[in-house]
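Build the full structure now, drawing on both the sequences and the hints.
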Amino acid sequence: MSQQGYVAAPPYSQAQPGGYQGGFGAGPAQPLYGHYGGPPQAFNAPPAAGGMKSPASSPAGMPPPSGPSQYSPNVQQNGAHPQRYASPSVASPTYGQPSHSVYNSMASPAPPPTQQLTNQMSAMNLGSYGAVQSPPPHPAASAHPGRQSTHMSPQMAPPQSPLINMQASGQPMGGQSMAGPPMGGQSMAGPPMGGQSMAGPPMGGQSMGGQLMAGPPMGGQSMAGPPMGGQSMGGQLMAGPPMGGQSMAGPPMGGQSMAGPPMGGQSMAGPQLPSGPGTFQQHGVGPTGPANYPQQGGQFGGLMSGPQPGMPGGFPGAPGPLAGPPQKKLDPDSIPSITQVIEDDKARLGGQVFSTNIRGQVPPLVTTDFTVQDQGNASPRFIRCTTYSLPCTAELAKQCQVPLASIVKPFAKLPKNEAPLYVVNHGETGPIRCNRCKAYMCPYMQFIDGGRRYQCTFCNCVNEVPAFYFQHLDHVGRRVDFYERPELSLGSYEFVATLDYCKNNKPPSPPAYVFMIDVSYTNIKSGLVKLICDELKTLLEKLPREDGAETSAVKVGFVTYNKVLHFYNVKSALAQPQMMVVSDTAEMFVPLLDGFLVDYQESRAVIYNLLDQIPDMFADTNESETVFAPVIQAGVEAFKAAECSGKLFIFHSSMPTAEAPGKLKNRDDKKLVNTDKEKILFQPQKGVYEQLSKDCVAQGCCVDLFLFPSQYLDLATMADVPSHTGGSVYKYNNFQVETDGEHFLRDLRKDVQKSLGFDAVMRVRTSTGFRATDFFGGIFMNNTTDVEMAAVDCDKAVTVEFKHDDTLSEETGALMQCALLYTTIGGQRRLRIHNLSLNCTSQLSEMYKCCETDSLINFFAKSAYRAILNQPVKNVRDILVNQTAHMLACYRKNCATPSAASQLILPDSMKVFPVYMNSLIKTAPLVGSAELSTDDRAHQRLSVMAMGVEDTQLQLYPRLIPLHNVDVGSEAVPAPLRCSEERLTDSGTFLLENGHSIFLWLGQSSPPDLIQNLFNVPSLAHLQPGHMFALPELDNPLSKKVRSIIGELLEKRPNSMKLQVVRQRDKAETLFRQFLVEDKGLHGGTSYMDFLCFVHREIRQLLT
Amino acid sequence: MSTYQEFIQQNEDRDGVRCSWNLWPSSRLEATRLVVPVSCLLTPLKERPNLPPVQYEPVLCSRANCKAVLNPLCQVDFRAKIWACNFCFQRNPFPPSYAGISEVNQPAELMPQFSTIEYIVQRGPSAPLIFLYVVDTCLEEEDLQALKESLQMSLSLLPPNALVGLITFGRMVQVHELTCEGIAKSYVFRGTKDLSSKQIQEMLGLTKPAAPGQQGRPVAPQEAPLLFTSRFLQPVHRVDMNLTDLLGELQRDPWPVPQGKRPLRSTGVALSVAVGLLEGAYPNTGARVMLFIGGPPTQGPGMVVGDELKTPIRSWHDIQKDNARHLKKATKYYEALANRSAVNGHSIDIYACALDQTGLLEMKCLSNLTGGHIVMGDSFNTSLFKQTFQRVFSKDYNGDFRMAFGGVLEVKTSRELKVCGAIGPCVSLHSKGPSVSENEMGIGGTTQWKLCSLDPSTTLAVYLEVVNQHNAPVPQGGRGAIQFVTQYQHSNTQKRIRVTTIARNWADAQSQIQHIESSFDQEAAAVLMARLGVFRAESEEGPDVLRWLDRQLIRLCQKFGQFNKDDPTSFRLSESLSLYPQFMFHLRRSPFLQVFNNSPDESSYYRHQFVREDLTQSLIMIQPILYSYSFHGPPEVSLSPLIPPSFICRLSSCYQIEFLCFKTMKAGYQEMPEYENFKQLLQAPLDDAQEILQTRFPMPRYVDTEHGGSQARFLLSKVNPSQTHNNLYAWGQESGAPILTDDVSLQVFMDHLKKLAVSSST
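These protein sequence lines are chains R and W, in that order. Each residue of the first sequence is one higher than the one before, counting from 1 in the numbering used here. Each residue of the second sequence is one higher than the one before, counting from 1105 in the numbering used here.
FYI, nobody ran anything at the bench for these hints, they're computed from the structure. Every clue listed holds true.
Computed far set for chain W versus chain R, every beta-carbon distance over 10 Å:
1. Arg-1152
2. Gly-1204
3. Asp-1422
4. Gln-1662
5. Gln-1666
6. Lys-1859
Simulated pairs of lysine-lysine, PhoX-like, Cα-Cα distance not exceeding 25 Å:
7. W:Lys-1365 to R:Lys-640
8. R:Lys-663 to W:Lys-1297
9. R:Lys-506 to W:Lys-1365
10. R:Lys-694 to W:Lys-1297
11. R:Lys-640 to W:Lys-1297
Quick list of the computed label-pair ranges, beta carbon to beta carbon:
12. R:Gly-687 to W:Gln-1249: 45 to 51 Å
13. R:Thr-784 to W:Gln-1249: 57 to 63 Å
14. W:Ser-1334 to R:Asp-616: 16 to 22 Å
15. R:Lys-537 to W:Pro-1360: 26 to 32 Å
16. R:Asp-616 to W:Gly-1537: 56 to 62 Å
17. R:Asp-616 to W:Ser-1643: 55 to 61 Å
18. W:Gln-1249 to R:Asp-620: 35 to 41 Å
19. W:Gln-1491 to R:Tyr-608: 42 to 48 Å
20. R:Ala-619 to W:Gln-1159: 45 to 51 Å
21. R:Asp-620 to W:Ser-1643: 52 to 58 Å
22. W:His-1421 to R:Glu-428: 48 to 54 Å
23. W:Gln-1249 to R:Tyr-608: 29 to 35 Å
24. R:Asp-616 to W:Pro-1264: 26 to 32 Å
Glycine included, C-beta positions come from ideal geometry on N, C-alpha and C.
Below, the structure written as structure tokens:
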């Protein structure tokens, strides 16, 4: 990829044609090309990715080689343009926001004929790629990027059916066997389209569905579309057809999605269909079958049919002792399953391209691998919303009680095949902003008056276009340089900030990392200090650096402390480091400036010397008291003195009891649990820490805390500062170097190398009618609008809640712009802008359809975890249950087709919502059990507060991966199972992970050869799980496979996880069991089934 | 009978005591009428090569509130083995060890020539000397380099078992640990925060093992902390290398100094840490805190001036207008520190080398109260500082350092006398007793003073009072006695007690006024009065002090002058008083009382030097001596009102500044062989000056100038301004050059004095 493409300042002033030319030319590194070609590149990559990646399709017999070739940047580039220009299409009138086709129409006139030709050529080119997949109708057919295209081809192609089959197999376990044939038929059925279309929406009801419908080529199918089309989406898509080929794309999608329903249809579809297009939701036929489940009849109270005949019990293990409702045994398979939903979504959208050109488009689930193509809205990786169709009025919002929120993860890591954000430089005047609301220039701004003025869509203010920024408009009113300017065509981009955006109007210094090591007796004795010092030597070589920079600009500093602090002068000129002891903990200060924060490369020799000496220097310490607040204070003061922002890495082991500010005392009173005063346990102790957070944030000082406690250390208070400064808290109970060392180091390495922004202020601007009212995350707020973060890294997310100010218009939709002012790792001040447009609707059904369960649960988790600071935990739990019931009841009342009150009807988009909710209620912070460590509860509470959607999803519904019948030959990770004990088998081996813990569970009668292969011991009895924290490296396929699965997970998650090997019936199994979230909680909390029953009862009460 | 001159000289040589009156008036009223109080100058550690110390304990009077030491003036009954105290008349038996005593076998302390005797006593463990360097790092690179070299050099001069420590300061204060290997370690204190001694010790980690309730006993607390402070204070021989390296690596204060600002200098906190460190670990041990500063304290407690360069440091003008913002606070702060330090017997030296003022005015008490040195110079990179600093460590004829520590001076008087006070580098120990006068002069209200550090020239002025009322005068023929008992720690760490007992006859002022007059020691009196004046000047307005001095002088002249009323020409003074008015004249003009043309720092510095020097030095300070060199003989003291027309003159001036003035052009004659004698003549004052430079402390500023040279102004300002623009009529009449000044000449002064003395109206 041409890196400089997005880094280099775009020479916008250059003649356009040239630009185009460059873009099409093969020359890889022309700046123009870089910029112009950039966005398309992003557009294009996905299709390729889709083709290649879709796990479903590749087995389907698609020729895989095509994929890789498509990845080559040039090809992509070429491909992209042709797509655009090749097929002029009608602009969709519906939306102010230009749809993709509009782009094309706009663009095409510009290039001279020759170019046009080129375009065509390249289009052909691309087509040919497509051709490999499937004989394409004609080049244009493949033109429309989007996931459809990829899918289209398989569908068109004969081998299609196998594909479908595959997908089927991805479905519920059982599905496999039976689904196969029926599937095939169904999916194949081009004609079935009609019916299919019916089914489609329910499944995908999401925008996509509609879009797919659009595919006209499939005549029948297209038919189906329109009726569906009641939904706005559909309408839009209809516009698509002119793009002949494109339309083709649609159907495949549809087909695919169809595939789902039929499958699910096993259970549900039948009954569902009758419900008609109007109500897309599937009212559960059976009480249990809220979604696709065939489960009939048995209301919760009433009769309950046994396991579906058609549903083969996926597992050999019988439906275990699930604590079902007392009355009847309910088949656990029959209630909505998260794994099922995830797999469905994966099958449907996995590996595809998600273009953000459509307003209010619901993205794939977080668990699905997909590629994002930024076409004017921020990638869902950056912003996810609880619903993509906001209710138009506050009344509606109140009625449904669905929270309106977005989860913003401003620095989300992008996969390699997605282009990093472009940096836009508007010169000395700084980024162009609306005069009134200060919104930044973005794709939603409407240029009028021939381009001399623009109207801000956020506040409707009309602004002059600065002279240097002026550009003519084309015949559709769009600026001619539309594609050259990321801020006009993309959802996410960055501005170079001018001095006005810097503290004291001075350019910021590069940030600094200070390592602060507790050298009290415990840490010395455990060997931790030595471990850290040794690791730092290598780790510091890998400090994060600016893209393209050769070395890291980050300065490093070192402090050790117990009751007093020791600063080190590691100036490169020194022969040996100097230690400066500061014992004035009451009023902390930094004893030196020059030589404390140094460039690692320059001072390496001195730092080595220091790191070698630290463990020895304190080897015979007997100091066991420590201070804490002064340590942070010292860091802040250091940054203040150096006038930079930065991050503190604090390695701490015990409660700070030494006489100093922030001294803590044990207040772990288990008697408070389950009382009104329980909240005290979560509240930080008042005093210095509050002020400290303020100071930290003001200075841009982020605090990462690594705790190594052997007992209670009042984490609620100690983690207060990290949790307000965008820091992370890591906790290693009873740390031992042998067992936890590697685990800790993995965390440390990840943490140090994370890319992040410092000294950040985030502001969420919205179009009129609604506004951001509340913010959750590792943030600090001085006022009600500015979200201040000392630092924000790629894993930290802020959840923003919105409230109505006024009525929203369905026409214009709702816009939000999240602007983050921050300092890069290289010390540059930037503004990162994420724009997102949402739909507005006066139809609750539409709203429900566009809900996103993962985001919802993220919001609920954060708001509940905040609420327990002020309310008894029980109240919070009740509120959660009530709101769940309310949301569902509202749906039932307003959107579902009338049916027996005894039926539990869930909106499709929220059908697994209760599982998550139940899991949330059972989490340690909310469960209220004296058996749980107070610190652990506080820790979980705080870590969730800064989590993004992916993390909360995983946290609340761990992956349970069966390993005993893993296919060692394939790359794929076995499909996860539902987190319930009954999925476990005596002879099985399972891996369970939730992003924080990872367990390897071994059934009692695990085959010896499996044990041998994995552990190199003859039998289970020889295992010593207590001493096993990594699998031995054995040279056999199974071991390799399992280790690679584990390795991959460790790689993927933001935190390291310590592998715990658990044998069935071991004592340690209880630990493991608490992660089986569908079961009854160990410390209280109901099983999923019971919860569902309970919620149902509540709903019925609400409805009557 | 020898003359009083000889008597005085003899007494001074033997006892180091000069009394203003060598006959004492028999009643208080008469004493008052004498104008100059009954008082004496005492040089407790006067070098006495012929005085071998005795190695036993002194014998004390058994009366609890007397405890006078057995001395040659005591009546001894050799047969009964009893001696009578000459102060309280208590009869005391001799201790058993004196059993063999007889008229022919007398212990030294009974022999008349041992009116001053020194005992070496065994009390407690001998603690090593402590030298704690407190170094300002906000210096120019060159200065710092020079200072570092001086400090490194000084390590070789210290006694090998002495403990050394190092504190550096700039914006922060760093206490350096001396024993570390691998990593240089220091404890850092914020320069803006005033810390209590306890906090400092806690922060230095010195308190932990302190056994509670052991404060009273000196042994226990000293033994224990030795271990812990050892990190900061180490025997020189052990850390010589370490410390040399440490000093070598000292960097200038690394904190940036913005344009238009002074560097932030935390002198106050640095001193407080130094004092805290020592007082916790080594109370009542001989210790020197040596403070090296290159500028005024600019932050934290003890701040003298803000860091804004645009606000200049206070001048006399500001002080008079009460415009010196930090003055009172800072002075109070340093006084408190000085008192703490004094209580523990630690002395503080200040070596201030900067072109501008460094805050000596505020800090002077540190040295004044603790007997430390103050050295003021322009730069550490001058020989003035380097050699002066070297001289701090000079040794006497025994090879011992010329310094002693922890001195306690007790004055015991016979019943007819009471002690009014003392003036010198000392603090009161608040030892009340029957012989304490209510009438305070100097530091009074006590009979005991502490001299934290003293050297052979340290001299105290002690003021006394005659108790007897006019109607019950002291009977004739008796002698009043004073005993000075000085306990101190010798530089070789021995504990010693020096006892000086003097006695003077009582005389009836009515009948024996001539005797009294002739017993007047005008030199001593001048110095004693000058000390009183300087002491007053510290607290009073300059003019008031001058007026007071004038009045005293006039009264004295009236008392002893012979004149006809209202006839100035008839005025005569006897020989024993003849020089006194002249001393007063010079004192009036001296920088001790005149602040004009001197910065507050300079004044403080001069006053500090003045109140500690012995009589000879003090006199030179009051009245610079102008030596003129000529072919006609040995150098003469020139009393001439004009700069003599001779070729060369040398001014051995007040406050230690030495001038040389070649009155001829340096035409190079001296290099010609035929002018060999001229060359020798030129060489003579140089040699003499060199000799003085060698001995005097602090080393005098040496100015070499020629007639008309710009530096000659120093000399001109010192000499007697007999011909000024006020009396220009004399211009050109004499061969000497006129001195242009506002000051009156001695002649005018004397004329006025005579007029006032004879005036009947006063």
